[in-house]
Amino acid sequence: MEMAGEVPTRPGAPGDAVSGLIPDLVVTPGSAQEVSAVLRASSQRGWSVVVRGGGTKLTWGAPPRHCEIVLETGRLDQLVEHEPGDLICVAGAGMTLGRLQSLVAGAAGYRQRLMLDPPQGDGATLGGLVATRAAGPLRARYGTMRDQLLGAQFVLADGTIARTGGKVVKNVAGYDIDKLLVGSLGTLAVLVEVAVRLHPVADSSRTVLLEPLSPSEAGSFCAALRRAPAVPSLVEVLWPERAVLVRIESSPEGAERQAERVVALHPRARVLDEPEARLWEQRVEGRPWGGSGPVVGISVPLSAISALLELAEREAASGALLELSVRGTIGVGEARLVADPQAVSRTREGVEKLGGQMELHRSGAEVGRLGSASQDPVARRLMKAVKTALDPGDILAPGRWDWEA
Amino acid sequence: MVAMALAEAPRLGLNADVLAQLRTIVGSDWVLTRPDELRTYECDGLTGWRAVPLAVVLPSTTSEVAAVVRVCHRQGIPFVARGSGTGLSGGALPLTDGIVIGLSRMRSVLRVDLENERVVVQPGVTNLEVTRVVEASGYFYAPDPSSQRVCSIGGNVAENSGGAHCLKYGFTTNHVLAATFVTTDGEVAQLGSSALDSPGYDLLGVVIGSEGTLGIVTEVTVRIVPQPERVQTLLAAFPSTDAAGRAVAAIIAAGIVPAAMEMMDRATIEAVEIAMHAGYPDCGAALLVELDGPAPECESLFTRVDALCRDAGASEVRVAQDEAERARLWKGRRGAFSAMGRVSPDYYVQDGVVPRSRLAEVLAKIRGLEERHSLRVANVFHAGDGNLHPLILYDRRAPDGPARAKALAEDILGLCLDAGGSLTGEHGVGRDKVCQMPRLFSAADQEVMHRVRAAFDPSGLANPGKLLPTPRLCGEHPGIYRPHPLERSGAAERL
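In order, the protein sequence lines correspond to chains L and G.
Take the working numbering: the final residue in the first sequence is number 398, and no numbers are missing along the way.
Take the working numbering: the final residue in the second sequence is number 1227, and no numbers are missing along the way.
So here's chain L without its partners, still in its complex pose (with noise of 0.2 Å):
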């Protein structure tokens, strides 16, 4: 296979496998035209292209139903602008996100960050964050890429070279193109370019435990959590730990007098000193993807917090559910599940009857399908109007959307 112009190029290997297809090539473009060349090659010959950042995501979604060309994103990772008085950071879409946040951590005086803390986030990059909408427990005060994304530059499957939003917060010029972008998995463009929002460090932390706790008392814990006067940044109910962990980022005084009023919420509720705090933290981050398993992303209406628990007090009494973490004031986690089919669709079901979604993350092939576009068929035919605009030949991740559920 020949790729245009002077694009670095290698053939595929067993180790750039993504879901079990050896892609003939692995394209390494530097810059947007390089991304436009080997997208206008790839749209010409009818090859898929599946893009990688720090490929820690991509099992997100169903799996691709071809690969022919892998486009790493590793080159595009130059920091274009970072201006901290106005609080945003454009950079390449194959920019980490742990470099990222190293430098923008201390410039010039000020302590910033992009407010994002997914699972695997340090190897991730900020096009893969996107691309995936993964977040982590800063969710609960932050949102996802949803909410700190400015603008793009990206690439359409034709070799067009396009951008959308700004480097400003507040801009309603033109269609909002960064939403379809954000989640799209890979299946609408390839990001070249992204600008985002950054967000003040706060000057302090204070950090909450509350456990063990029924179902019951959890939910309620949430709810009053979300009526009281402190805004935490983090609330992590884990399961089957059956604790609730919420931290509080302000300025030292605000921290202090925060935390004590979420004390005040539960009497087993008790601040914790900073080694335990750390142990919590290092016990949060990266769940719970460490062990082996299907990972489903799960989000259930506020009300659902204490009956999505039991339902995990269920499954995980019969094997099936291995771990879970939700953030408890939105109603948003992800479970480790056991790779077994059945598992996987009785807690789906389980999810859905709470009026909530489940969305697969990692699985085995074993566990099958699960990336249905929408329950809606008129929205889904929206959405594949949408996908057949910016890619009418298909060539984009094939897929990872299941247009027919």
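Keep in mind the hints are simulated off the structure, nothing from the lab.
All values derive from a computational prediction rather than experimental measurement.
All the given hints hold, so there is nothing to weed out.
Distance condition first, Cα-Cα at most 20 Å in a straight line; then the derived EDC-like pairs of lysine to aspartate or glutamate:
(1) G/1138 x G/1103
(2) L/346 x L/303
(3) G/1063 x G/1048
(4) L/346 x G/845
(5) L/346 x G/847
(6) G/1063 x G/1024
(7) G/900 x G/1031
(8) G/1063 x G/1005
(9) G/900 x L/140
(10) G/1138 x G/1127
(11) L/377 x L/352
(12) L/377 x G/917
(13) G/900 x L/196
(14) L/377 x G/1179
(15) L/377 x L/395
(16) G/1063 x G/1002
(17) L/377 x G/919
(18) G/1097 x G/1143
(19) G/1063 x G/1014
(20) G/1097 x G/1142
(21) G/900 x L/76
(22) G/900 x G/1024
Given chain L's structure and the hints, the job is docking chain G onto it.
Same frame as chain L, but now just chain G:
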């Protein structure tokens, strides 16, 4: 005289059969066709643009909206959805060859679900009404455009409305979770979901802010948030906008994100004093800073903001001691636009965005433009997010008055774009700025938007001529009379 010939061609009117279909759907009282009735709808908040539609249809349910859109789709009739008509970019400007679908009868709050922090409303419900139904329970709806008493949630969705507090709380897009959506061929879709992370593409994310060009929302599920325990507001007087700008930079550098940070220059302060005696200090620039949140955090940060303002050269810092004083401090800011009516016969509100760090530089250049165009500009803006609202004061009866004001407004926009900002921070593109879009977006950028548009609306009937420029809108001049496509198809005739 070609344009004259066009202007004198008899007005189009919908034919009797189409009108009968529309009347069957919504009832004959709710299809307006009399010229005096139609004139009520000829413009939105941007009154410089006017057009009388063929008819105004006022449906009351999702299925009526869908049925009306199906008639439009079958007959090829363009339609413009309209909420309260307070938009400032001509987004709800009617089409002379289309109908207006007014959503003002759909004003029910359908569900208040405090446990899940959700409220479901019809699109005609006003922004403030959402807060009203939950405030006694300790919640509020965060987006607060200054027209919040009258503007509708449907319009907020179309424009992705923000408000003075969006620096901290975000925009409509951060607060709308789901919507019932009528597609341009009259089907009904559920977009998003009340729980987070609905599967598939974020269609709702692109519908929000699409200015009615992708379809019509007929039910909206919004997130409500608990009221902050404490709100603290101060007004600091500075000798100049530069000094006030230094205070803004220092507050941000200190890692403080205020709920709102609003600046007014001398011309604005003088106007609000004349118009409403707001009691503002006599100074070169006033900075209004509001913090909110848990009391311990809010109080400690507020003390620092006060000190940072004084360090930056504030001659006076007024702290609101109660809700009445807070309202007084906000009074001048909220009334700034209307106050201009007292000091100038006419004014045009520009809406541009600059990176916050370039504020001082752009303000200085605006002063240069004032001299060059011999017009005064009053500046009032959201300093926290760099969203400028220069008010260009002019007299429409003066020679070239409106044209000069427009030229100055466009030059200011050029300054914003040169500084790396945006065409519009909250008023939208609409008809007003549609031909400015190429100044910010390349042909390829626009092509992507056109493709998305076509995915939702292949026949281009939903609010055509807004947001996305076309050669016909922005380049070509009106030509000789040719039968309108609606005439050729028989859906309309010249009256």
